[in-house]
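S.K.: Respectively, the protein sequence lines represent chains B and Z. For the first sequence, our numbering begins at 1 and goes up steadily by one. For the second sequence, our numbering begins at 1001 and goes up steadily by one.
FYI, nobody ran anything at the bench for these hints, they're computed from the structure. Just so you know, not all the hints are guaranteed correct.
[To be verified] Label-pair distances were calculated between CB atoms; the ranges are:
1) Asp1150/Z / Ile21/B: 37 to 47 Å
2) Phe36/B / Tyr1047/Z: 22 to 32 Å
3) Phe1104/Z / Met1/B: 38 to 48 Å
4) Asp1100/Z / Ile21/B: 18 to 28 Å
5) Val23/B / Asp1111/Z: 46 to 56 Å
6) Ile21/B / Thr1083/Z: 30 to 40 Å
7) Tyr1047/Z / Tyr51/B: 50 to 60 Å
[Stated by the list, open to error] Calculated lysine-lysine pairs in the DSSO-like style (CA-CA distance at most 30 Å, straight line):
8) Lys47/B / Lys1006/Z
9) Lys24/B / Lys9/B
10) Lys1180/Z / Lys1052/Z
11) Lys1013/Z / Lys1180/Z
12) Lys1137/Z / Lys1077/Z
13) Lys1121/Z / Lys1180/Z
14) Lys1137/Z / Lys1080/Z
15) Lys1007/Z / Lys6/B
16) Lys1007/Z / Lys1137/Z
17) Lys1121/Z / Lys45/B
18) Lys1007/Z / Lys68/B
19) Lys45/B / Lys68/B
20) Lys47/B / Lys1077/Z
21) Lys68/B / Lys6/B
22) Lys1180/Z / Lys68/B
23) Lys1080/Z / Lys1006/Z
24) Lys1077/Z / Lys1013/Z
25) Lys1007/Z / Lys1077/Z
26) Lys1007/Z / Lys45/B
27) Lys1013/Z / Lys45/B
28) Lys1137/Z / Lys1180/Z
29) Lys47/B / Lys1088/Z
30) Lys47/B / Lys24/B
31) Lys1007/Z / Lys1121/Z
32) Lys47/B / Lys1013/Z
33) Lys68/B / Lys24/B
34) Lys1088/Z / Lys1013/Z
35) Lys1137/Z / Lys9/B
36) Lys1007/Z / Lys47/B
37) Lys1137/Z / Lys1121/Z
38) Lys24/B / Lys1137/Z
In this text, a Cβ means the ideal position worked out from N, Cα and C, and glycines have one as well.
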Amino acid sequence: MFTQYKYWKPYISPYDPCPPIRVKSYSTPPNLYLHFQPPGLPQFKPKEALYHGTLWPVLFSPYPDPHKRGDLDE
Amino acid sequence: MWYYEKKLQYPVKVRECNPMLAKFLIEQYGGADGELAAALRYLNQRYSIPDKVIGLLTDIGTEEFAHLEMIATMVYKLTKDATPDQLKEAGLGAHYANHDRALFYENAAGDPWTATYIQAKGDPIADLYEDIAAEEKARATYQWIINLSDDPELNDSLKFLREREVVHSQRFREAVEIIKEERDKKHFF
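Given the sequences, and given the hints that come with them, work out the whole structure.
M.R.: Next up, the structure:
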């Protein structure tokens, strides 16, 4: 499944001074995958486009990660 | 030349006086990956790049100034009525000593903006790849500032600006595709 965030599990040492963040994530926005934007893609309505910051749903990148739970140590 | 429209590209609302957040936001004002560096980088590269992508650099460089204006509005609103004590507490004591509450092109650590932040190599691929990298770095900077901010209305504007970085990166990637295009060329061997 395509997601705009990727996850990885860093090594956790038994001697880490801070409580470990077990899963780390980074953003992979749609511009990394679109190549040359094809013509005729669906568009937001003007007001929706302003709120989203783009005319095209295919280019919208949500932040923070909508699939991440609220707690720090996921 | 330019025409000026006396309004912001996207509304800027700030919920509370928070000079500490202003200190972080100034990174996007006068930092290496900030809006000033972006605008000057793109508008300057226009002269020596193939004709097909000059218009793109003009459009995006111009939009960066509209973003600069939004950041300036945010910083101004966050600091305009702060007392010297509040500024000192937020880590802006040195800024106040030098500039009062005036805005200055500097990064979050207080280093002044410098032209060494930007490049003009004259090679279209090198320049456009720098522009793509600059957009991704600005996107990441917006993410880290949103993580530091707990002002929902300000974050709404910051999310708009982050999305614009994504769109600009897309357009620069398309510019690279245009420049390296071979599809419709005649090939002689």
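S.K.: Now tell me, hint by hint, if it's right for this structure.
M.R.: Here is how each hint holds up against the structure:
no.	hint	result
1	Asp1150/Z / Ile21/B: 37 to 47 Å	violated, 20 Å
2	Phe36/B / Tyr1047/Z: 22 to 32 Å	holds, 25 Å
3	Phe1104/Z / Met1/B: 38 to 48 Å	holds, 46 Å
4	Asp1100/Z / Ile21/B: 18 to 28 Å	violated, 40 Å
5	Val23/B / Asp1111/Z: 46 to 56 Å	violated, 34 Å
6	Ile21/B / Thr1083/Z: 30 to 40 Å	holds, 37 Å
7	Tyr1047/Z / Tyr51/B: 50 to 60 Å	violated, 36 Å
8	Lys47/B / Lys1006/Z	holds, 20 Å
9	Lys24/B / Lys9/B	holds, 6 Å
10	Lys1180/Z / Lys1052/Z	holds, 11 Å
11	Lys1013/Z / Lys1180/Z	violated, 43 Å
12	Lys1137/Z / Lys1077/Z	holds, 25 Å
13	Lys1121/Z / Lys1180/Z	holds, 17 Å
14	Lys1137/Z / Lys1080/Z	holds, 29 Å
15	Lys1007/Z / Lys6/B	violated, 37 Å
16	Lys1007/Z / Lys1137/Z	holds, 27 Å
17	Lys1121/Z / Lys45/B	violated, 40 Å
18	Lys1007/Z / Lys68/B	violated, 36 Å
19	Lys45/B / Lys68/B	holds, 28 Å
20	Lys47/B / Lys1077/Z	holds, 25 Å
21	Lys68/B / Lys6/B	holds, 11 Å
22	Lys1180/Z / Lys68/B	violated, 39 Å
23	Lys1080/Z / Lys1006/Z	holds, 21 Å
24	Lys1077/Z / Lys1013/Z	holds, 9 Å
25	Lys1007/Z / Lys1077/Z	holds, 16 Å
26	Lys1007/Z / Lys45/B	holds, 21 Å
27	Lys1013/Z / Lys45/B	holds, 23 Å
28	Lys1137/Z / Lys1180/Z	holds, 24 Å
29	Lys47/B / Lys1088/Z	violated, 41 Å
30	Lys47/B / Lys24/B	violated, 34 Å
31	Lys1007/Z / Lys1121/Z	violated, 35 Å
32	Lys47/B / Lys1013/Z	holds, 18 Å
33	Lys68/B / Lys24/B	holds, 11 Å
34	Lys1088/Z / Lys1013/Z	holds, 24 Å
35	Lys1137/Z / Lys9/B	holds, 23 Å
36	Lys1007/Z / Lys47/B	holds, 16 Å
37	Lys1137/Z / Lys1121/Z	holds, 19 Å
38	Lys24/B / Lys1137/Z	holds, 18 Å
Hint check: violations occur at hints 1, 4, 5, 7, 11, 15, 17, 18, 22, 29, 30, 31; the rest are consistent with the structure.
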